[in-house]
Structure formats: structure tokens, C-alpha cells
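Novice: Input sequences plus hints: build the corresponding full structure.
Chains as they are written, first to last, in our numbering: chain L, 188 to 580; chain W, 188 to 580; chain R, 21 to 297; chain F, 21 to 297; chain B, 882 to 1107.
Worth flagging that the hints you see were computed from the coordinates, not collected in a lab. Remember, it's a predicted structure, so these values are computed and weren't measured experimentally. We put the beta carbon where it would ideally sit given N, CA and C, even for glycine. Where hints are given, some of them may not hold.
Stated by the list, open to error - Examples of chain L residues lying across from chain F (beta carbon under 10 angstroms, computed): (1) 240; (2) 271; (3) 280.
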Amino acid sequence: MSGHAGTAVDGRVVVRRSRRFELDVELDVEHGEILAVMGPSGAGKSTLLQALAGEVRLTGGEIAIGDQGVTRRHHADPRRRGVVLLGQKPLLFPHLDVRDNVGFGLRVRGTPRARSRAEADEWLWRMGLSGMGDHRPRELSGGQQQRVALARALATSPRLLLLDEPLTSLDVDTASDIRGLLHEQLAFTLTTTLLVTHDAFDAAALAHRMVVIEDGRVTQRGDVREVLARPATRFVAMSAGLNRLSGTAHDGAWTGESFGLPVRIASSEGGPRPADHTPIVAVFRPADARIARAEETTWTGAFHTARDEAEGEPAPGEWLARVARLEPAPGGARVHVTEPDLAVDIPSAQVAALGIAPGDPVRVSIAPEHVRLIPVVEPGPVPSSRADDSSSR
Amino acid sequence: MSGHAGTAVDGRVVVRRSRRFELDVELDVEHGEILAVMGPSGAGKSTLLQALAGEVRLTGGEIAIGDQGVTRRHHADPRRRGVVLLGQKPLLFPHLDVRDNVGFGLRVRGTPRARSRAEADEWLWRMGLSGMGDHRPRELSGGQQQRVALARALATSPRLLLLDEPLTSLDVDTASDIRGLLHEQLAFTLTTTLLVTHDAFDAAALAHRMVVIEDGRVTQRGDVREVLARPATRFVAMSAGLNRLSGTAHDGAWTGESFGLPVRIASSEGGPRPADHTPIVAVFRPADARIARAEETTWTGAFHTARDEAEGEPAPGEWLARVARLEPAPGGARVHVTEPDLAVDIPSAQVAALGIAPGDPVRVSIAPEHVRLIPVVEPGPVPSSRADDSSSR
Amino acid sequence: MTKGENMAMSRDAPARSVFPRLILIPAVLALLFLLLPLAALVARVEWTSLWADIAAPDAVSALVLSVTTAAIATAVCAVVGIPLAIAIARAPRVLAAVLRVVVTIPLVLPPMVGGVALLFLYGGSSPVGIWLDSAGLALPFTTAAVVVAQIFVALPFLVIAVEGSVRTAGTDYERTAVALGASRWTTLRRITLPLAADGIVAGVILCFARAIGEFGATALFAGNAPGVTQTMPLAIYTAFNGSGVDQGSAVALALLLLVTVLVVLLVVRGWRPGRIR
Amino acid sequence: MTKGENMAMSRDAPARSVFPRLILIPAVLALLFLLLPLAALVARVEWTSLWADIAAPDAVSALVLSVTTAAIATAVCAVVGIPLAIAIARAPRVLAAVLRVVVTIPLVLPPMVGGVALLFLYGGSSPVGIWLDSAGLALPFTTAAVVVAQIFVALPFLVIAVEGSVRTAGTDYERTAVALGASRWTTLRRITLPLAADGIVAGVILCFARAIGEFGATALFAGNAPGVTQTMPLAIYTAFNGSGVDQGSAVALALLLLVTVLVVLLVVRGWRPGRIR
Amino acid sequence: AQAGAAGGGLRIAAAASLQGAFDELVAEFEVAHPDILVAPVVYDGSSTLATQIAEGAPVDVAAFADEPTMARISDDAEEPRIFATNSLVVAVPEGRSEVASLDDLADPGLDVVLCAPEVPCGAAAQTALEAEGLRIDAASLEQNVSAVATKVAESIADAGLVYRTDVLATEGIVAVEDPRLDDIVNSYPIAATAGAASADDAEAFIDFVLSDPGQQTLAKWGFGTP
Ligand SMILES: Nc1ncnc2c1ncn2[C@@H]1O[C@H](COP(=O)(O)OP(=O)(O)OP(=O)(O)O)[C@@H](O)[C@H]1O
Ligand SMILES: Nc1ncnc2c1ncn2[C@@H]1O[C@H](COP(=O)(O)OP(=O)(O)OP(=O)(O)O)[C@@H](O)[C@H]1O
Ligand SMILES: [Mg+2]
Ligand SMILES: [Mg+2]
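Specialist: Structural data, given as C-alpha cells:
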């Protein structure tokens, strides 16, 4: 694995943290690129960033950051590499006031005191914290600390910026402002950035490409919107806010089962027709699915009716399901149904009219224009490096 | 203000934190109720919870928690009040392993060691952390620590539970599981809970009522869905993911201005017709608005055309706007336009077809069936207690 | 890889330390400065007579007395000193500063003056002494006096070391424990003390070292009666100062004291308060 | 409300302390135990001759010598001891434990033995002493010897106090600083030292107090020449030991020493390293 | 000498410089008086012992190195008797020959250590030097005579004034005899304390010290007879 021109980060990071967890990820980030990193809690995202920042040692692999190599033995100085990590904890210097925290990186690079203070104040203003410069970090709220830490990281103009959930614990309004600021700043300074986030919206708004890490391994990577639109795993689908149903291709449509009865979902999307009998997944938004009361109010009754119907040709894109859970949502409710497991969003107006409760039979339908069918590629576009299998759970 | 039967928390909390910030909030929470607390970063949400937990002293007001009163001088023992705060930092005991952390509350209540360990393991399992019991907190990822802290708080079966952003730094998938668990647990144990969150979805899914705090004052309160549907402030609208345009009622419709040209937005929603010339707001979802290229491609040209059209009767629910910013989003893009400021979501397919850039003129439209008109009530349904005005920014 | 190894690995993995390597020069200087005199001492040991010197009954009884009294004094210091340290750590800013200075004062007294002060307080000519005497608890010139003298000189060390770490540990975890339903005592036992463990160990070590090395106050307040109040430092002093005694035996005794303390310290270092529950 | 008040308010607002109130009993006992002997000492002061005793030229020169040498010794200890403390705090677990014990050892030596050890090392019959002598740097009987003796006995206190707080402060902030581009020296100066400020102040205080109270090693190693090596503790001892001389003057001198140190400590307490940048 | 425990036996407190001699004396005394139990002797500086006795230390017999110190406990003791004398000698490191007589000490190129004038050996030295009209700029005024002896033995000092007994007891130093010093004697008093548990035993011991066998033993350790 050799770095080519224009590559900022290139190589393979292996970190064994414990008997049950090992991170093993290949990375290839271009100069000025923003790479989103998503993954479930405990998947190894922070470990990856810490390894790149030199905070934990590699136990294997080899990674080139700029023109410097880091291996298990050789351990370059992050300062000389120009790598700045904003970790999950803000770690603001408790003995310095907020202004000096933000100005720290400038000061240690020799910027005169007055100028670094002025720049720090400018950053605070951009973060919506003007006038807070004299406060100690402990006198700030959680979200304010988060913003100060972000300002401190950005103010140093690093060559490689590692952001570990920078917008977490911010409200929607503030997060939107900071997201805009971050977008501008990173685009303007062409800073190579790895951005860990749990929010697909952040990833889409800020990053160019994305890697998904699950249990220490990359499960999907590629263009952000592409990944979110064609989720390879349940986790990605959830993150993108999509239902993802596994089934088999048949006649160019998705087929599966619901309580033993066949279900067929068609798609009006163009593209290559999936080969029959190959595994595919159907993907659609919870808001696009429709739900209606079954004609029979008892589950057994409804099931019998459905079974009788199924004798004939079942209506495509419609099937009998059972309500598992009702979750109120801002504009209505989210209904979780089985089988197959999926979510349906219904607007407030419909909630009362529908009058359903867990256990009730319902008819779920999805129109072909909202469905995307994706062939399952296993192990997918992910460069495989799963030599060591003992470490997976 | 006297507590009545069934009231768990009742009174007024005043905490001055600094010259520029004072919290002054009236609260009234029923037994077993779950109250969501939302507000911008630095609004005082954590301060409110800390005051209720006895971690900061009141500087004024008086609050009854159960049958105990807390005032500036009198400071009841949170232990005897059965109040448990899960703060923004997990604060897991660093010298105890994860299992002992979760079991701590049980142990100190005299539960035998074996049983408390078993219960702790059960909690860890429910949190998706089985097998992690022997780890030290510092060996966990951020989200894992968050979940352990939540388990520790829930395991004590408190009378009043104060949760400060319990689901932050969790991925969507894990958050959904934990949200479900929290919902069941709180409903089952009928625990009175204050839940600080930045996520309207969490609030809607878990809470019955909601208070919105901005800059230390309550700006809106009421049923969660009601508040989110009828946002009284820009912040609430943003949190609920809605556009909120201020204007004046005229002929039962909303009227405002766009670059000096009149704009009219009608609503097909029933309800009392707003009196003419009173201030009202129009509320709708970014996904429901439509956007189209203006006939002219230059801003000046488009503006002239629009001005000429406006001489006649302007088309209701449609006006000329200017693109401010384009933000990629998972399923497409979010277009921010001025004037008035609002966001429009467009699906991926349309993004390329539309081909717009910041500065371009566009025609924005919104169908009456998606619009809700809300009279502006000032100071609104919020019990006013703004005696001290010097403390607001 | 076994689980034990793995836990050890993750705990021992050295946090990358970033101090300038140049500071190792003064650090080594400091170490040499402390160690060279000890080496010079050891170089003077007369190995031929060493065994006879340290096996002498008086030497053995002095050593036993020293270890016993220092252990008792350390225990007493821990029992009263840790509470004092916590009280100072949690006192309001100004009061804490004053208390800290007050606690430091006895350090300054040349130990002999400390002995005089103790004699003035508990001796036959003071009201306290008379009262103790009438209660049959006369202190001076008893083994108890040795312990009292040791406590007086060693207590400040324990208090200052423990106070620092209790203050650094802060109150966040304590308040969390209380909120989870722990009583104050439970919080003290399960949270405050374990979190201050490093400081407590350091304090206990300093305290024990100072107590077992105590000479001046003991000499005055407790006297130098072999078997009763003659601790190692007094035995060394007597061997060194008395005429007609070989100074070689003073060096031998000093060596014996050093080795004993070395062993005790290494054992203590392996111990952490709060580990046993 | 002015801004200053407000900052003070938020900083001083006492974190609710949750320790059991009962521990105030042993805490007060500990405090009394330390203070009563001092009170007994003060009670014996002969106020009529006090002024004459403390204004005597020898007393004044001894006091000046004590404060000067103790200050120099403390400065040297800080310069070499803080690096040693940092090195220990950041050393691997086992090495750190060994170094900590090694540093503690000199504490154990009765100071007089320490003096003998120093004599053995730097005296005329040792290679080091001969070498120093030929370089014209003979130590014994010089004021420098006083400082050396004080450093030897006081250094361990500083190292142990500072080491604890450097370790507690951890390396998180240091690594953050390095990642933000700070050099190792800058990190040391701007992060490590200020974060360990509490421990450094405590260490400096302990070190100064021990140095100014040092008697045994000084007496042996440096001697007792008025104006050159006669520090306060030696003056006190001489006054005390003198046959037929009034012990009142020993008490008076002790009081003078105490008050001086009290003043110095209160001044130091107001100082924090790293505040001035 | 079986009385290790507190309370048993005759309690003797003696100046540190008497240690070798008294250890031997006590052994002989126990042979002569098998009925009298003697507790281990407490040795320390005379001044320390005096302070302790004034504060009620349990002592039956006190033997000090000088009379003024004994005078400090006159309220607490019987009439003292002089049982030994000690005279000063010039001590030099073994194998060095710069110093041949007392007068050589005035050489400013030499490091000379003396006892502090406040303590008995220093007072004696001062008397001797004044009598000879010698002015010595001492490198150090030591707290006790052992410190002087040690400094000379370690070659830190070139010469010092110590007691004859110390030269015998300290390795590495030799005495330079000077007859002018023989007159400068220090008298050692011994007394039973007022609170002695057994006045008879105390008297018996004092008598033994003053007896011929006692004096012979003291002479063996370098002490003179009064
Ligand atoms: N210091 C450590 N010692 C041992 N194991 C660790 C350590 N830190 C983390 N781990 C383990 O490594 C795995 C990955 O942790 P990491 O912090 O990288 O996760 P993450 O993807 O950042 O999760 P989150 O989204 O919750 O922050 C987890 O299973 C965690 O338990
Ligand atoms: N210890 C303190 N001293 C002084 N001011 C403080 C202190 N803690 C918080 N503040 C100030 O009080 C205000 C409210 O803080 P709080 O932590 O309650 O906000 P919050 O609503 O929880 O915000 P976030 O969502 O960012 O956590 C902020 O302006 C903050 O700067
Ligand atoms: Mg993480
Ligand atoms: Mg908060």
C-alpha cells in the first residue's frame, strides 16, 4: 500500500483494544476530502481517530499521514504531522479561560498575544459565544463547551482534522449554524477531515465520502449519498432513516414472506433487473409506506382472510402485518410492524382515525415508485481484510 | 403556589449563574409524568435539573419535590428525596467496574451483593452491553459509557428521575433500542421524569408534556405534540423541523412581504379565522414546500417579472425567493431561501434537474393543505414571571 | 491471550508521555543527589562486624520497638489525619488555606523543640500533665510517649498528602453517589477514600517514614531507655554519640533501619485502600 | 453586581460537601493534637526577655541565614525535584513504584545519619570530597553545606507531593496541547505545571518547612559557625543545650522561627505557579 | 541487667560521654550487688537529661558531664558529688602531622573545630585558649564533642579540641599531648534524684562509682580522678 500524490491518509489501521474488540480498517483519504465515519456505538470510530492522532498505538497495519508513516513501532509526533483530534470529550484546559483555550493553538505557534486573542474572539463570535471569552470552561453549558472545543480545533488550521461527534449535544438550531460554519470553513481551507457522526444529515451535508464501521470492520464505503441511498446493512438503513427488507428477486420484484404468506414488492425504478432467485433488499422510507386497518379486527380473523386471499394472486406491494409498537413522533406517529420488521410513519390526523394498538392486524402497502431494489453484494465493495476471525463477536 | 395531590414537582426555580444568565422557571409535574425539556444550547436546561437535584443552590423561588420543600436557604438531601440526576457527563465511578457501577444504587440500599450483581448484569444486557460487566469505565466507548450511566440511574428506581440528554452520542439504531427500553421502563414504574433532549423525536416518543426554555425563561409549554405542531418561537419550529413565517392575518390568510412584494399564504385547515391585521405565523414542513426555477435566470430579470405580476392579484401560496444556501441531505438536498427565510427539501432526483445555485431566483410554493396558521400570542400561554428584566441579554 | 493478560495490557499500555526529554537531566541529578550519600553510607559498613551489630539484643529490641510504634503512630495518624484532610479539602477556600498553614507549622519546628513543646504540654509541670498523671496515664518516658512524639511530627505529612488528593478528586462523584442513594458514610467508604487512594498511600508512606525516622522529639519527650523508648534512631544516636562505642555499629544500625523500611514500603506500595470490599 | 463579584461568586459557590459530619470529631482532635503543644510552648515564653533574645545579633543572623538557605534549597529542590516528580509520574508502573520508594528512603534516615552520610560522601576522606577540595569547592563548614544538607532532607517531600498531583492530572490535556501544536516545553509550562499547581504549592511548602526546620544533618555536615552555618534550629539547639544558659531564649528563638515561617507560608499560599504568563 | 521492662531496677541516666565506662561499671556493680537490679542506663546529652528530670523523668541516679547542668536540677536532686574529671587534648586525624602543639591551632590555614562555648567542652576550650592568649577562628562550634571528634576523624577538620576519653573512643584520631591543657579539667558530678525509688540503691551505686574499683574502671576509659 503506497501513498500516491493527493493522498492525505492512506493505509491500514489495526488496533486491538481487548480480547473482544479489534479494529481493522483500511483508509484512503484524498487531500481536502471530508470523510464521514459512521457506525454503531462501540464499533471503533473513536479508536480509529485516536490511532490516527497517535493517542493509541497501532497493533498492526501501517498508515501514511501526509509524508509520514505510522506503524506499530514507529510513532510520529502528531504535532509535526499537523493532526488535530477533537475527541468525544471537549477536554478544554480547565485553568485557562475560554478565549485562551481557543487561542492556545495560535499562541503556541508564535502568534502575538493580542492577535491570538482577537482571533479567538472572532471564533467565539462565529460560534455564537461572543462575550463568553472570560469564562472558565466549567462555567459553560455542555453545548457551549462543545463549541469552544470545536473552535479551538478549527483555529489551528490543521492539515488533518479529526472530529469525533462535533455536533452532538447541540440543539437543532445551533447545530444547523455550526454545520454551516463547519462546511464553509472546511471547504475554504481545504482541510482533510475525518468526521465521526451519528447523524446521516450531518454526513450528507458535510462529507464527500463515507465509511461505515461495524464491530471494527468496514461494512460499506463510498459516496455519502450513494451509501445512504443503498444501505448494505441494517445499521446503515436505520441511520439513513430507511426500511430495509431482505428477500429474493423474482420476476424483477422483491419477494419475501409474512407469517408464511408470500409478499411481493415491486419497484418502478429503472436500472438492471435483478437476476431471479438472487438475494436482494427492498428499501423505502417509513413516510412513504401506507398503513390501513385490516377488515377483520382480530388477528386470527384477519390472518384467515389474508390466507384465503393469498390463494389467488396477492396484491403486489401490500400485505398483512401485525402492529408491534406505536411510537409518538413530532408530526404524528411511527408504527413498528412485524413481519417483516419495518416502520411506517403516519401523520397526526391519521393516528386517531386509525385507532390501532399493538397486536392489531393491519394492511401495509408501499407504492412501487417509492421502492428501490438493491442486490445484496457480500462482502460488498469493502476491501476484505478479515484474516483474523477470532476477534469478531 | 401550593402542591396538590398527585403533584411530584411544583414551584418556581430561580438560579442566577452569572451576570448574564439567570434561570427563572415555573414547574408543575404530575406524579408519573414525563416532562420533556427543550431549549437552545446554554438556555439553562442543565441548570434546572441540577437545581432540582440539589447540585446547585436556588437563588430564589421555592420548589416542592414530593413532600419536601427546597428554597434558597433550605436544602433537602436529594437522597432522602429519591431524586437521581443523570447529567450530561456520565460520571461513572472510575475505580469500579461497569457491573459495580450499575449495581451501586442497589448495593447502597442493602441489596445483597450477588443479587445486585445479577440485576446489574440484567441491566447491561438490556442496554446491549452484556459481557462488558468486568470492564472499567475508561475501557468503554463514549456511547457505551452513556448507556452504563443510564442503566445506573434507572436501576435505583428513583422517585424523580432527571435525565440530561440521555440518548446523545448514540447512533440511531442503538438510540432507538434505548428509547424503547426507556419508554417501557418509565411507563412500567410510573417514574416521574424530566427529560432534557435536543431531539423532538425523543420528546414526542417519550414525554407527555414539554417545556421550552430559552435564555432562562419558559417560552412555550404544553402537550408535546401540540407544542411541536404550533411552535411559538423560531427555536421550537426548528426543533420540530418546521418552517415558521411571521406575518399578518388578512382575509383569513397569511400575508407578508418578499423583497417588498406582497406574499399571501392560505391554509385549508379549519378552526377560527384569525382576525384581520393581527400578527400570525404560517407553519409548514420543508418537505411540503415546492421549489421551481424562475422563468428568468438572472435575479434582476426575475424580480422585474415578479414585480409586474404583483401588480395584478399575486398567486396565493407562491412567491419569488432567492437561494441562500444548498445543503446536501440524505435523500436529496435542503434549499435555504430568503425572503422570508425558510427551508425547502427536495428529493435527490430533483436536485440535478433543478440545477440551482446560491443567488439564483426561484419560485417557492406551498399548498394550503400543508399550512397551519397560528395566531401569535404574546407572552403566550407561559405563566409570566419576568419581573427581573435586567438579566436578559 | 488470556483475559488477565488482556486486562493488564489495556491498563498498562503507557499513555504517551510528552514531557521534554531534557528534564531527565535534572531528574537524574536529583536522584543521584539522594542516592549517593546513601551509597557512601553503605560503603562504610564494616561487613565483618555487621551481623554482630545488628543481631545485638538492644538493636533487635530497638528495631521491634521502632516498627511497632511507627505502625501504631501511622494508624493513629490515618484515623485522625484522613478526617482532618477531608475537612480541609472541603472547607471554604479561606478557612482551608489557614488550616493548611496551621497543619504545616509543626513541620517547621526542629524536632527537638517539638519534644520540648510536648514535654511542656504533657510533662509533670503542666496542668494537662498533672491531670494525666492523676488519671494514671502519665505519658512522658513511656512507650506511649514515643508514639505521641511520632504522631506529632508525622501527622502533618499525612494530612497534606491526603488533602491534596481529596481536593483533586473533587465532589462530582460523591454527589453522584449520594444521588444514587448512598449514605454519607457509604460515600466516604466507597467513593471518597478509594478515589483518594493514591494520596492516602503516599501519605501513609510519608507518615510511616517520618515516624520511624523520628529522633529529636522522641529523645526529649520519651527519653532513651533501651527496650522502652529507645527506638532505632535513638539507638543509632547513642551508638554514634556515646563515647566508647564503635561508630561502625551506628552505620550498621542505620543500614538495618533502611532495609527494614524498604521492605515495609514495598509491601505498602502493593496495597490500595478500598480494593477490599 | 460587578463582574469581579460575579466571577468570585461562581468560583466560590461551595460545592455541597457530603462527608459525614461525625468525622469532624477526629479532625478536630488531630488539629488539637498539633496545636496544643505549640500553645504549651508559647505559654512558656518569657515575655520580659523575649525582645532581648530575638533581637540578639546572633539570633538575627541565624534567622536571616535560615530563611536564605531554606529559600535557596527550596529553589534547587524545585528545579531538580519537579523534573524528577514528572519523570516518576510518567514512568511505567513498576519503575515508578521503585523510584517512589527510593525517593522516600532518605526520609527515613534520622537526620543525623543523613549528616553522617553526607560527611562520608563529601568529607575529606572520600574521593568526591578530595576531588571537590582540589577544585576549591570544599563543602563542609560553608553555607553551601547548609543548603546541601537542607536539600537532602527536603527534596523527597517536594518530589512526592508533586508526583502525586502530576499523576492525578493525567496526560489527556497534555496530549491535547501537543495535538494543537504545542512543543513539549510549551506543554510543560502551559499545561503540565499549571494543572499540577496545587501539588507544587504543597510540595514547595513542605520542602521549605522541612528545610528551614532542618537540624540534624546540618549540625553534622555543615557545623555550627555563627553567621556562616548556624541556622535557627542550630541556634535554638545551642541555646537549649548550653549549660547554665536560660532555656527561655531557646523558646524565644523557636517562637521567632515559627512566626517567620507562618508569614512566609501565608505569602506562598497566595501564589500559584502558571498564573503569570 | 535483666531489667528490660519499665519500672524494674535502678534507673541511671548518664551523659553520653560516659557510655563505655558506665556500661562496664554497671556490670561490675551488679556482680558486687547481686541483690540490686539495674535497668539499662539511659545515655543522652546532659542538658537533655536535665530537662527530662526537671519534667519528672523516672531517674534514680544522674551522672552529668558538667556542674552547671547538674545545678539546673538542684531542686530535684540530692547534693552532687564529683566522681571523675576529663581533660582536653588536641585531636588530629591519624597520620597527619601539621599540628604539634596547642599554638599551631592558631594557624589560619587550618580548619579547627571546637565545641560551642555554651556546652561544657566548649567552655573548657575557651578557658584554655584564653589562658594562653590564643585566638582561634573556629570553622565550626559544634553542639557536642562527638561531632568534633567525627569531623576530625573524617579529615573534614584538621584539628579539634576534644576530651581525652574521646580520643580513646574514636577511631581515626590521635591526641597531640600538650601539658598546658592538663589543668583544664571538667568535673563530672553524680547525684541521686529527690524522687529516687530506692534511695539506698542509688547511694550504693554512687558509692560504687566513687570506690576504688569504680575509679579504676573510669581511669581505664581515660577519666581522671577528682
Ligand atoms: N481503553 C480501552 N481499553 C479497552 N477497550 C476499549 C478501550 N477504549 C475502547 N474500548 C473498546 O473498543 C471498542 C470501540 O470503542 P470506540 O470508543 O472506538 O467506539 P466508538 O465507535 O467510538 O463508539 P461510540 O459511538 O459509542 O463513541 C468498544 O467495544 C470499547 O469497549
Ligand atoms: N458553573 C457555572 N458558572 C457560571 N455560569 C454557568 C455555570 N454553569 C453554566 N453556566 C451558564 O449558565 C447558562 C446555562 O447553562 P446550562 O448548562 O444550564 O445550559 P443548557 O441548557 O444545559 O445547555 P446545553 O444544551 O448546551 O447543555 C449558560 O449560559 C452557561 O454559560
Ligand atoms: Mg466514540
Ligand atoms: Mg446542558
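Novice: Could you tell me which of the hints above the structure violates, numbers in ascending order?
Specialist: Of the numbered hints given earlier, the structure breaks none, since each of them holds.
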